[in-house]
Amino acid sequence: MEHASYFFLALLWIVGWGTVGAVVTPRIYGRKDLDVSQASLAGAATGAAGGPFALLPLWYLTPELTWKWVAIPSIVIVIIFAGSFAAADPNNLCVTNSGFVATQLVNGLVIGTIYGLMALGLTLIFSILGVVSFAHGEFYMLGGMAVFYLTDVWFPGLHPLVGVLGAAVLTFVIGVIFERLFLRAMNTGQVERPGEYAILVTFGLGFFLQYLTLALVGANPKKVPRFFEYPTISLPSADNPTLLKVTAGTIKMFNLISIPSPRFTAALIALILLVLLMWFLYYTWIGKALRAVSQDRQAAAVTGINPDTMNTLAFGLGTMLAGLSGASLVQVFSWVPWVGIPASARSFVIIVLGGMGSLPGAFIGGLIVGLVEAAGAGCVPDPQRAASYIPAYGMLILTLVLLLKPTGLFGREL
Amino acid sequence: MIELDVNHIKKNFGGLQALNDVTFKVRGPELIGLIGPNGAGKTTLTNILDGLIRPSSGTVYLNGRRIDTLPPYQVARAGLGRTFQVTRAFRRMTVLENLMVPALAMHPTARQHDFLDKAMEVLKFLTMDHLVNEYGRALSGGQQKLLELGRLLMLDPDLIILDEPFAGVHPKLMEIIYEYITTVNAQGKAFIIISHDMETIFTLSRRLLVLNFGELIADGDPDVVRHDPAVIEAYLGEEEEEAGPAMVETYLGKDKRQDA
Amino acid sequence: MNRTKWLWGLAAAVGLLLIAAPALLESYPYIMHIAIVAFFYAILASSWSLLAGYAGQFSFGHMAFMAIGAYTAGIFGKYVRLTTAPTGVCSEIPMGNHWLVLVNFFGDNCLELGKANMPVGTLIYRLPALPGIILGIIMGGIFGLLVGVLVLRLRRTYLALFTIGFSEIVRVTFNAEIDITNGPNGLELAPLFPNGVHLFGFYFNSANKIPPYYVMLMLFLVSMAVMYWLSISRFGLFIRSIREDEEAAAALGVHIVRYKVLVFVVTSMIAAAAGAVEAHYIGVITPNILLILQMSLVISMAVIGGLESLVGAAIGAIIIEFALEFLRTSFTIGPIVVDMTTWRLVFFGLLLMLTLRFWTNGLIYPIIQRLTRSGVAEETVAMRQAAVEGAVEGQG
Numbered sequence: 000m001e002h003a004s005y006f007f008l009a010l011l012w013i014v015g016w017g018t019v020g021a022v023v024t025p026r027i028y029g030r031k032d033l034d035v036s037q038a039s040l041a042g043a044a045t046g047a048a049g050g051p052f053a054l055l056p057l058w059y060l061t062p063e064l065t066w067k068w069v070a071i072p073s074i075v076i077v078i079i080f081a082g083s084f085a086a087a088d089p090n091n092l093c094v095t096n097s098g099f100v101a102t103q104l105v106n107g108l109v110i111g112t113i114y115g116l117m118a119l120g121l122t123l124i125f126s127i128l129g130v131v132s133f134a135h136g137e138f139y140m141l142g143g144m145a146v147f148y149l150t151d152v153w154f155p156g157l158h159p160l161v162g163v164l165g166a167a168v169l170t171f172v173i174g175v176i177f178e179r180l181f182l183r184a185m186n187t188g189q190v191e192r193p194g195e196y197a198i199l200v201t202f203g204l205g206f207f208l209q210y211l212t213l214a215l216v217g218a219n220p221k222k223v224p225r226f227f228e229y230p231t232i233s234l235p236s237a238d239n240p241t242l243l244k245v246t247a248g249t250i251k252m253f254n255l256i257s258i259p260s261p262r263f264t265a266a267l268i269a270l271i272l273l274v275l276l277m278w279f280l281y282y283t284w285i286g287k288a289l290r291a292v293s294q295d296r297q298a299a300a301v302t303g304i305n306p307d308t309m310n311t312l313a314f315g316l317g318t319m320l321a322g323l324s325g326a327s328l329v330q331v332f333s334w335v336p337w338v339g340i341p342a343s344a345r346s347f348v349i350i351v352l353g354g355m356g357s358l359p360g361a362f363i364g365g366l367i368v369g370l371v372e373a374a375g376a377g378c379v380p381d382p383q384r385a386a387s388y389i390p391a392y393g394m395l396i397l398t399l400v401l402l403l404k405p406t407g408l409f410g411r412e413l
Numbered sequence: 000m001i002e003l004d005v006n007h008i009k010k011n012f013g014g015l016q017a018l019n020d021v022t023f024k025v026r027g028p029e030l031i032g033l034i035g036p037n038g039a040g041k042t043t044l045t046n047i048l049d050g051l052i053r054p055s056s057g058t059v060y061l062n063g064r065r066i067d068t069l070p071p072y073q074v075a076r077a078g079l080g081r082t083f084q085v086t087r088a089f090r091r092m093t094v095l096e097n098l099m100v101p102a103l104a105m106h107p108t109a110r111q112h113d114f115l116d117k118a119m120e121v122l123k124f125l126t127m128d129h130l131v132n133e134y135g136r137a138l139s140g141g142q143q144k145l146l147e148l149g150r151l152l153m154l155d156p157d158l159i160i161l162d163e164p165f166a167g168v169h170p171k172l173m174e175i176i177y178e179y180i181t182t183v184n185a186q187g188k189a190f191i192i193i194s195h196d197m198e199t200i201f202t203l204s205r206r207l208l209v210l211n212f213g214e215l216i217a218d219g220d221p222d223v224v225r226h227d228p229a230v231i232e233a234y235l236g237e238e239e240e241e242a243g244p245a246m247v248e249t250y251l252g253k254d255k256r257q258d259a
Numbered sequence: 000m001n002r003t004k005w006l007w008g009l010a011a012a013v014g015l016l017l018i019a020a021p022a023l024l025e026s027y028p029y030i031m032h033i034a035i036v037a038f039f040y041a042i043l044a045s046s047w048s049l050l051a052g053y054a055g056q057f058s059f060g061h062m063a064f065m066a067i068g069a070y071t072a073g074i075f076g077k078y079v080r081l082t083t084a085p086t087g088v089c090s091e092i093p094m095g096n097h098w099l100v101l102v103n104f105f106g107d108n109c110l111e112l113g114k115a116n117m118p119v120g121t122l123i124y125r126l127p128a129l130p131g132i133i134l135g136i137i138m139g140g141i142f143g144l145l146v147g148v149l150v151l152r153l154r155r156t157y158l159a160l161f162t163i164g165f166s167e168i169v170r171v172t173f174n175a176e177i178d179i180t181n182g183p184n185g186l187e188l189a190p191l192f193p194n195g196v197h198l199f200g201f202y203f204n205s206a207n208k209i210p211p212y213y214v215m216l217m218l219f220l221v222s223m224a225v226m227y228w229l230s231i232s233r234f235g236l237f238i239r240s241i242r243e244d245e246e247a248a249a250a251l252g253v254h255i256v257r258y259k260v261l262v263f264v265v266t267s268m269i270a271a272a273a274g275a276v277e278a279h280y281i282g283v284i285t286p287n288i289l290l291i292l293q294m295s296l297v298i299s300m301a302v303i304g305g306l307e308s309l310v311g312a313a314i315g316a317i318i319i320e321f322a323l324e325f326l327r328t329s330f331t332i333g334p335i336v337v338d339m340t341t342w343r344l345v346f347f348g349l350l351l352m353l354t355l356r357f358w359t360n361g362l363i364y365p366i367i368q369r370l371t372r373s374g375v376a377e378e379t380v381a382m383r384q385a386a387v388e389g390a391v392e393g394q395g
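Chains as they are written, first to last, in numbering that gives the first Met the number 0: chain E, 0 to 413; chain S, 0 to 259; chain F, 0 to 395.
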């Protein structure tokens, strides 16, 4: 860090004027009787990007807010941030080595796909039941555990994909049982304050599942070998692999970007599942019924859809998606019973960022969080402190989004 | 002397004009009915008077004090009480505690037992004194409505706005509510009553405001308003209406027969 | 009336028993230790029940305020000294013959550097625990105010998510700022009474459990008294009305912003006080006190005791803390070793879920209600009455 002051000055500028914009803009717009639902976010973004030079026109000249007042400043903020970072730390690997940057970006997108899949389960549950499951991370953990026990302990030699299938069935069944036993009571009026009940009871479920797993399998990290051994491929030729070089462990593209192959497999599985999920939701009768319930419960009930069944199905599907994410990532990370805690925290961040209940929001949110994590892990100097702060970045995003625009990027208005 | 001045209130929701230039005054303990087809802006007007939402333009003065810029709790303390269309009794608090909330909110230094007698008096008046220690959730829907009316008596405002006080209420309780309105009105409190129940509102109120598409299309004696062509047009011209038009139609029809 | 008197008598007897307990348990320091920790959890669970059960603010950040209190006390103890001569290097405030020295957070320790300037025989004292604890309470209040203002617009799930985020940020900060907090290794604190204490004509050394027992008991009783008084006063009435229906409460003249913020401030200060005292008692704090497990414990204690009852939550916490400690013993069934340190938490999680599902008011609160004979019986009568009337309405 040679000129750290550049970076911190830029940060101060962003935070300071962002706060001013976030606080003042809604008031000014409220006084003018304009729509204030976007005002905090647009004010914060515009202020952070342009300071007073952008805020004054926003306050006095603009009749109404469009997405441009968020999108353009956001790009400017990223440029300011990256520029000041480069100026402050010119020798950083992220500034000097474009291959490293490209690798980080691609890996961020790859892991973001799986985050997106997991968050999709959570947002699916929310859009139908109106409940955020605080046990989501535990289903992720169970998915991975199931693969480990199916393929490595109980039936050694079982094909990993069968293990993944088993994990899907297990998490689906547990989710369905839990929904029937505990969450259905919310709709029948058997519990008071259903909203709070849902928070606490899913929280209790997470606690229960985590310690049950710990009691049953112990705290030793589990490791699953990678699902597929890719054949060695070199393009255009073995001596000159400028386009693509696949080895058992990594996939290297353009001599520049390298992706560890288990991650690549996991992302591939996630993408296939995403396509399947979209097909299910948009082209099958049950999927259409699910979406109908998420849009209007009463209307759907009138057309002969049983909302209770849809609740159960949605919860099962949601937990299954978490389980599948875990099942596909178990070959990447070592697996312990509390591996679900950061995963569920990340899912919260993603669905809040994308907008609670929004399916595209969850996927895009997943990609964004994957990218930010990759950038944070790769670029921040002072590695020890940076590593300690990594769990906080997401939470910072979460709290900021909740304060500025609780509906997220793609959320329906509350 | 109760004075409410509503001056040129406008309210836009995005592109939709919910209220357009609504102006009226209340002087003294009047008993006013506020009617209009669904979506006419009745609840929006109530929410603006209450301070729950701010008008786009225009002012509201209560007893000489500007209230359209105040938050709801200050409006309540300034002397305006309201009920909501959906009953909003505090379900997990006892009837007595429900009544204590407005009493203590109005008197920052008072203590609960200062209001025990008054609360019992109010409950007797509402024929609910045997329920004093029950939880709100244990009451029937009608009793919860009565409880809300009781809370207003503890708040002791000058002007009371009732949003659909007769909707879905047992006939026996309806009598109690009817009596409540006339008695409290006779004690010197002004009322604005929003209702779909035409028969009751025509016999009960002594002045009628009619809203249609956010505009105040009539203001005056119920007997005069009843024959106002604009009002008849507003009700009959509307096609998709559940209770309102049918009732007005039959009411107006019956009324015309009587005139003839 | 008779019954109320009887109940007050029971409460007084329990209070006396708690005060007299050390005399009986002096030779069982382990039980004394569990009791102290149980009071600590009782304070947290009951203050959380005030926040969540009474005011309806389901916050998952309660332990963060506790940790803020604990770390403030710890950092105060680490960085503030009283000397008999000025250092000339540190920032310091003269106080008569003494100087209050604030050691710098970063760089070389100025106190060490300043020793060169100080005459031989200069004494350097740590300050007693109390000012640090008070500072911790104030910091808890400040952060409570901040969070209370920020979450005004957020409800239910959003509030829960925000407070989880807040708690995580606090935990990670304590974890990462190793220079100040010692990070995961933990910040060491002096005992509550570093030089021991004279009590009732006896001398107790700093490792004796009796003085901290009384300190924690006093804190417990005082905070229970304060919260109980708040809950039966207008404060309690208003926060419950806000929990039930914010708009309706505002329409009846309740200043909802003030009371929502206030309940955050009050409960945060109580949590911070518990944290500061506990930190001094245990002697070391790590960011692990902010793990989800800890928050789960407090929530479960409050839920099982009775969310809408301060006393229920407190009793629940004490019983559960003792139960958890006594269930530590692992045993074997044939070849299977049952590791109770984990299994007890499994049962505990199951109990939490079942309580939520089937006993909304918790397990302890209904017993209290039965003892005071309030609520339940009359309520069922009224429910029946309402049902009958509802049937009549249906016909009419």
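Treat each hint with caution, since some may be false.
[What the hints assert, rightly or not] Here are some chain F residues the structure puts well away from chain S; computed CB gaps all over 10 Å: (1) L99; (2) Y124; (3) F237; (4) S240; (5) V253; (6) H254; (7) Q293; (8) L370.
[To be verified] Derived lysine to any residue pairs resembling SDA-like cross-links, with alpha carbons at most 20 Å apart: (9) K251(E) / L275(E); (10) K244(E) / L104(E); (11) K77(F) / C89(F); (12) K9(S) / G29(E); (13) K221(E) / G286(E); (14) K171(S) / M127(S); (15) K221(E) / T341(F); (16) K9(S) / I27(E); (17) K117(S) / T42(S).
No lab work stands behind these hints: they were computed from the structure.
A quick note: this is a predicted structure, and the numbers were derived from the prediction, not measured.
No residue lacks a Cβ here, since even glycine has one placed at the ideal position from N, Cα and C.
Under the criterion that the straight-line Cα-Cα distance not exceed 20 Å, is the pair K244(E), L104(E) satisfied?
Roughly 19 Å between the alpha carbons, so the hint for K244(E) and L104(E) holds.
Please settle this one: L99(F) was flagged as non-interface, so is its CB more than 10 Å from every CB on chain S?
40 Å, holds
Say whether it holds or is violated: V253(F) keeps its Cβ farther than 10 Å from all Cβ of chain S.
For V253(F), whose nearest Cβ neighbour in chain S is about 5 Å away, the distance does not exceed 10 Å, so it is violated.
Against the 20 Å threshold, does the CA-CA distance of K251(E) and L275(E) hold or violate the hint?
Roughly 28 Å separates the two Cα atoms, so the pair is violated.
Given as non-interface: S240(F), partner chain S, CB spacing beyond 10 Å:
Incorrect as stated: the minimum Cβ-Cβ distance to chain S is 5 Å, not above 10 Å.
Would you check the hint for K9(S) and G29(E), treating anything up to 20 Å between C-alpha atoms as holding?
15 Å, holds
When you look at the beta carbon of F237(F), is every beta carbon of chain S farther off than 10 Å?
The assertion about F237(F) is violated, with a minimum of 7 Å to chain S.
Holds or violated: are the alpha carbons of K77(F) and C89(F) at most 20 Å from each other?
Since the Cα atoms of K77(F) and C89(F) sit roughly 14 Å apart, the hinted pair holds (cutoff 20 Å).
Hint consistency between K221(E) and G286(E) [alpha-carbon to alpha-carbon, up to 20 Å]
36 Å, violated
Distance rule for L370(F), whose beta carbon must clear each one in chain S by more than 10 Å:
17 Å, holds
Restraint check for K171(S) with M127(S), where alpha carbons must lie at most 20 Å apart
Given that 20 Å is the threshold and the Cα spacing comes to 13 Å, the pair holds.
Taken at face value, is the distance from the CA of T42(S) to the CA of K117(S) at most 20 Å?
31 Å, violated
Violated hints, listed in ascending order, are 3, 4, 5, 6, 9, 13, 17; each of the other numbered hints is respected by the structure.
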